[in-house]
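Enquirer: Can you build the whole structure from these sequences, using the hints too?
There are 2 protein chains.
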Amino acid sequence: MDENFGVRLQEHLRERGPLCVGIDPSKEMIESWGRGDNVESLEYFSLAVLEAVLDTVAVIKPQVAFFERFGSEGVRVLERVMSDARDAHVMIVADAKRGDVGSTNVGYAQAWLDDASPLRSDAVTASPYLGVESLAPMLDKAQASGRGVFVLTATSNAEGRMIQDARTRDNETVEDFVLGAVRARNANFDGLGPFGAVLGATRDRPSFDLTTLRGPFLVPGVGFQGATPENVARIFDRCTPGTVLPSVSRAILQAGPERSALRDAARRWRDDLSEVLT
Amino acid sequence: MDENFGVRLQEHLRERGPLCVGIDPSKEMIESWGRGDNVESLEYFSLAVLEAVLDTVAVIKPQVAFFERFGSEGVRVLERVMSDARDAHVMIVADAKRGDVGSTNVGYAQAWLDDASPLRSDAVTASPYLGVESLAPMLDKAQASGRGVFVLTATSNAEGRMIQDARTRDNETVEDFVLGAVRARNANFDGLGPFGAVLGATRDRPSFDLTTLRGPFLVPGVGFQGATPENVARIFDRCTPGTVLPSVSRAILQAGPERSALRDAARRWRDDLSEVLT
Chain A
3 MDENFGVRLQ
13 EHLRERGPLC
23 VGIDPSKEMI
33 ESWGRGDNVE
43 SLEYFSLAVL
53 EAVLDTVAVI
63 KPQVAFFERF
73 GSEGVRVLER
83 VMSDARDAHV
93 MIVADAKRGD
103 VGSTNVGYAQ
113 AWLDDASPLR
123 SDAVTASPYL
133 GVESLAPMLD
143 KAQASGRGVF
153 VLTATSNAEG
163 RMIQDARTRD
173 NETVEDFVLG
183 AVRARNANFD
193 GLGPFGAVLG
203 ATRDRPSFDL
213 TTLRGPFLVP
223 GVGFQGATPE
233 NVARIFDRCT
243 PGTVLPSVSR
253 AILQAGPERS
263 ALRDAARRWR
273 DDLSEVLT
Chain F
3 MDENFGVRLQ
13 EHLRERGPLC
23 VGIDPSKEMI
33 ESWGRGDNVE
43 SLEYFSLAVL
53 EAVLDTVAVI
63 KPQVAFFERF
73 GSEGVRVLER
83 VMSDARDAHV
93 MIVADAKRGD
103 VGSTNVGYAQ
113 AWLDDASPLR
123 SDAVTASPYL
133 GVESLAPMLD
143 KAQASGRGVF
153 VLTATSNAEG
163 RMIQDARTRD
173 NETVEDFVLG
183 AVRARNANFD
193 GLGPFGAVLG
203 ATRDRPSFDL
213 TTLRGPFLVP
223 GVGFQGATPE
233 NVARIFDRCT
243 PGTVLPSVSR
253 AILQAGPERS
263 ALRDAARRWR
273 DDLSEVLT
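Protein chains in written order, with this note's numbering: chain A, 3 to 280; chain F, 3 to 280.
Please note that the accuracy of each hint is not assured.
Identical copies carry no separate label here, and so any pair may be met within one copy or between two of them.
[As the list claims (entries may be wrong)] Here are the computed lysine to any residue pairs in the SDA-like style, where the Cα-Cα straight-line distance is at most 20 Å:
id, residue 1, residue 2
1, K29, E45
2, K29, P139
3, K29, S209
These aren't lab readings, by the way, just hints derived from the structure by calculation.
Predicted model only: the values in this text are computed from it and were never measured.
Expert: Shown next, in the form of structure tokens:
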């Protein structure tokens with residue numbers, strides 16, 4: 003595989019279309035499929051979604067919280083889902099939103115970005131509340147292992163604005179500060195870099211010039227949370243194709259448990275997103 | 003047990019003294035004990051520390067990152083450590099720094115704060131980057147189950163200042179905004195509430211009046227990161243005894259692997275902290 007996650011992702015999206023399906027086996031979602039909420043259902047649900055969409059999507063984004071709620075047994079299911087996704091050449095973004103002081107982030111880097119870990123992913127999401135620099139062990143490990151990190155900038159929920167819109171001592175918003183730090187890390191790469199930003203689609207265009215990031219965008223908020231493919235196209239309108247990865251979860255998952263209905267829903271979203279993003 | 007974590011913690015600290023030992027089985031720390039870095043050593047290290055300090059400390063704070071790096075097998079070790087701590091009546095703060103949108107935080111609440119979870123803890127640390135209100139499912143679950151949540155406010159590392167010192171639209175710092183939101187949640191309780199703040203000791207006194215939080219403080223940065231018991235006493239000088247929980251990790255762990263040396267180190271820290279905090 004190519005050494006650089008950004009380039010690898012771009013090629014993958016050009017080939018398969020720009021859709022990431024979020025695998026969110028919440029209690030609510032599992033019960034909506036008519037099953038009891040237990041670790042067997044967690045596995046059934048997750049593998050059913052993966053199997054239904056693996057020919058259609060470029061990336062899956064398992065939401066780690068919904069596996070973690072069953073402790074080590076839930077994490078074992080996540081390992082199984084990841085292993086099957088790797089076999090099917092579907093890329094994996096672990097939605098973990100990890101972040102701590104630097105010495106602790108060494109541990110998270112080992113968990114999600116190390117070749118030897120059963121939880122190794124193509125990329126992981128990270129939270130910058132303790133500072134973007136504190137994420138360096140994750141960014142360094144990603145770079146060394148051909149993987150990526152998507153750093154939270156502007157999330158898709160309204161409650162996030164109070165902190166993300168706050169102004170740093172340099173009078174830029176926290177969101178812009180984080181985007182700028184990610185851009186700076188990508189500047190060392192010739193083409194697209196491996197460091198991305200999470201930027202929700204449920205909002206207006208940011209003031210930051212997104213075309214300068216030189217890394218990929220993970221874009222939640224599409225579907226159930228209200229954003230449309232047109233919203234995504236408007237926010238990222240001059241960004242290079244293959245750098246924008248919209249993620250759809252509930253709007254696809256609720257089509258289950260029938261595999262064909264899940265597959266059809268994923269195809270519709272992929273086609274709608276392909277149309278506006280290329 | 004008492005329904006309210008804040009009251010429970012306060013009684014526990016008055017009885018046992020104000021020391022939390024961080025269980026941080028990093029690769030570096032395990033190797034400093036002369037062992038290879040693998041899941042067997044993870045278990046050996048963590049149980050050795052617990053056994054050595056369980057008569058001395060009030061609380062253990064396992065750093066989840068260092069268990070997660072071994073995937074489900076590492077999480078299983080964490081479950082074992084927690085189970086043994088419960089048997090020994092040592093309280094557990096899971097240092098997980100979790101945080102996501104509200105619907106996802108339902109999953110983290112189930113993982114760390116639900117009676118049925120193998121990872122259930124007396125309290126968990128949470129990150130507010132997606133908004134304090136988005137943490138509501140964790141706060142609600144904690145309140146309902148007699149557990150607590152420590153929300154990150156001002157962390158012990160310098161890189162965190164850029165975001166934590168940023169100013170919200172109400173012209174307060176992010177740190178003060180988060181402290182105010184935690185205080186507001188505690189206002190519904192007669193005495194001490196179950197919602198706390200993580201506030202590093204490697205800093206000056208904050209402008210926020212800490213005596214008004216009406217919840218506990220988890221205080222990292224003591225020992226290896228540079229803060230002394232006197233620093234802790236100065237920052238929290240008018241706070242009620244039993245509401246301040248300093249956490250020491252490397253300065254104690256590096257005394258191992260001999261149990262007696264670990265125990266002696268923990269006792270010294272407990273005594274030094276007791277002296278200045280009561």
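Enquirer: Are the hints correct? Go through all of them and say.
Expert: Tested hints:
Proximity of K29 to E45 under the C-alpha cut-off of 20 Å is restricted to the intra-copy arrangement: shortest distance 13 Å within a copy versus 31 Å between copies. Proximity of K29 to P139 under the C-alpha cut-off of 20 Å is restricted to the inter-copy arrangement: shortest distance 14 Å between copies versus 33 Å within a copy. Taking the shortest Cα distances, K29 and S209 never come within 20 Å of each other, neither inside one copy (38 Å) nor across copies (42 Å).
The structure is inconsistent with hint 3 alone, although it conforms to all the rest.
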